[in-house]
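Colleague: Residue numbers (our numbering), protein chains in the order written: chain R, -14 to 136; chain L, -14 to 136; chain C, -14 to 136.
Be careful, since some hints might not be right.
[Stated by the list, open to error] Capping the alpha-carbon separation at 30 angstroms, the derived lysine-lysine pairs in DSSO-like fashion look like this:
1. 26(C) to 11(L)
2. 11(R) to 26(R)
3. 26(L) to 11(R)
4. 11(C) to 26(C)
5. 11(C) to 11(R)
6. 26(L) to 11(L)
[Unchecked claim] Part of the chain R face toward chain L, derived, beta carbon under 8 angstroms:
7. 37
8. 65
9. 133
Simulated from the structure, these hints should not be mistaken for laboratory data.
Glycine is no exception: its CB is placed at the ideal position from the N, C-alpha and C atoms.
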Amino acid sequence: MSSLLSSMDSDVLRSFSTYATIVVLKMMFMSQLTSFFRLTKGVFANVEDARFVGDKKLVRTDLMVERVRRCHLNDLENIVPFVVIGLFYSLTQPALPTALLHFRLFVGSRFCHSVSYVGALPQPSRGLSYIVGVLATASMAYRTLSTVLLL
Amino acid sequence: MSSLLSSMDSDVLRSFSTYATIVVLKMMFMSQLTSFFRLTKGVFANVEDARFVGDKKLVRTDLMVERVRRCHLNDLENIVPFVVIGLFYSLTQPALPTALLHFRLFVGSRFCHSVSYVGALPQPSRGLSYIVGVLATASMAYRTLSTVLLL
Amino acid sequence: MSSLLSSMDSDVLRSFSTYATIVVLKMMFMSQLTSFFRLTKGVFANVEDARFVGDKKLVRTDLMVERVRRCHLNDLENIVPFVVIGLFYSLTQPALPTALLHFRLFVGSRFCHSVSYVGALPQPSRGLSYIVGVLATASMAYRTLSTVLLL
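All chains should be built: construct the whole structure from the sequences, respecting the hints.
Modeller: This is how it looks when you write it as structure tokens:
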């Protein structure tokens, strides 16, 4: 037991835990942002929500709410691979500076992606931040597969 | 090798594995529920599905099916953070009763959330169960970051 | 520290890392496929994307793009449970051939699922591949719960 728990002595795993927790918290924040726009714009997906604020007619869609929801889904589609592949990668004993570079690039790219998406910044700002995140994850996947491959 | 495998001697990790598996199985059940409503209501998203039951006109949306799908997506958006942050949290050697409290609150809140959502219970039942889950995850994230922080 | 890192000496964990990485990369590929159809068909979800290719009227939906997106979401809904439950399962020290059977069945089923979905093959091809994946995950969940159960 103590062995796995003391795994947090590994600097790579500690930094991975830190960055993965931060980027997951960022993803959770998208839910709060959706709720914020739903409440301030009076736009709900469910009859019981609209009824709670007193107007059943509020069940409709809104461009801004849909934008935040697409951003949230894109987070899920990209952060899940980062977390899964990043964990295996961290177990392959990469050098700490290399690992930090991957984690920082990925997490930074997702923050840029969200700002670009929610702020509707002109392309290719969102596209480029998306690609940086994909490349960071793909690079960790390459290292993982070339180290542990057992089919 | 034996060291990680024997990590299941850790009661916190064992209870985390138990609760995480249960809540993930609950999430998987949402797919079955969607299929159930699609089949009983004759509402499909794909031409080949409608054709399989003999009526191409069945490609349409339905309020109940969309409700279950929103509930499923909300599960994904909240259970992924719980699983990721909960794993790191379990490695920070929290006291077992504290850890159990977090896991039970989260898993309980998600069951309440699903019942509120699928049953269209009046708000704030769904909102409150959602918030309890978020707070449990946020509390584990706080403990994780304050223990392992390495940026 | 070295103990967790040396966990990659476990053949079950190595093969799990391999298969999980492969199936997650497959899931990431769905994003590229969506982008491919969006670009070749001129179908975008955001004004700034349509503007980038020079035509604001391109903000609309398309049957093929929506099909790939449903396939991607179905991947998320099924691969997340596989990754979570598969990790716990790998820690319960299953026999390597049994573990390999589970991993191969799941990953194979998801490749069949994607081909069936994107290619719109007649049912029950997609339904059957979906069920094989669910059964593989459920079987690992059963083994995990019966080994580590601590409520």
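Colleague: Given the hint that residue 11(C) pairs with residue 11(R), does the C-alpha gap stay at or below 30 angstroms?
Modeller: Holds, at roughly 25 angstroms.
Colleague: Mind checking the CB of residue 133(R) against every CB in chain L and telling me if the closest is under 8 angstroms?
Modeller: Cβ of residue 133(R) sits 13 angstroms from chain L, so the hint is violated.
Colleague: For a C-alpha distance cap of 30 angstroms, please report whether residue 11(R) and residue 26(R) respect it.
Modeller: Within the cut-off at roughly 23 angstroms; holds.
Colleague: For the pair we were handed, residue 26(L) and residue 11(R), check the Cα-Cα distance against 30 angstroms.
Modeller: Violated. Residue 26(L) to residue 11(R) sits at ~38 angstroms, over the 30 angstroms cutoff.
Colleague: Restraint: residue 37(R) near chain L, CB-CB cut 8 angstroms. Satisfied or not?
Modeller: With a closest approach of 4 angstroms, the residue 37(R) hint holds.
Colleague: Residue 26(L) and residue 11(L): Cα distance at most 30 angstroms?
Modeller: OK: residue 26(L) and residue 11(L) at ~23 angstroms, within 30 angstroms.
Colleague: Does residue 65(R) meet its interface restraint, that is, does its C-beta lie within less than 8 angstroms of any C-beta in chain L?
Modeller: With a closest approach of 6 angstroms, the residue 65(R) hint holds.
Colleague: Keeping to a limit of 30 angstroms between CA atoms, is the pair of residue 11(C) and residue 26(C) held or broken?
Modeller: holds, 23 angstroms
Colleague: Within 30 angstroms, alpha carbon to alpha carbon, are residue 26(C) and residue 11(L)?
Modeller: violated, 38 angstroms
Checked against the numbered hints given earlier, the structure breaks hints 1, 3 and 9 and satisfies all the rest.
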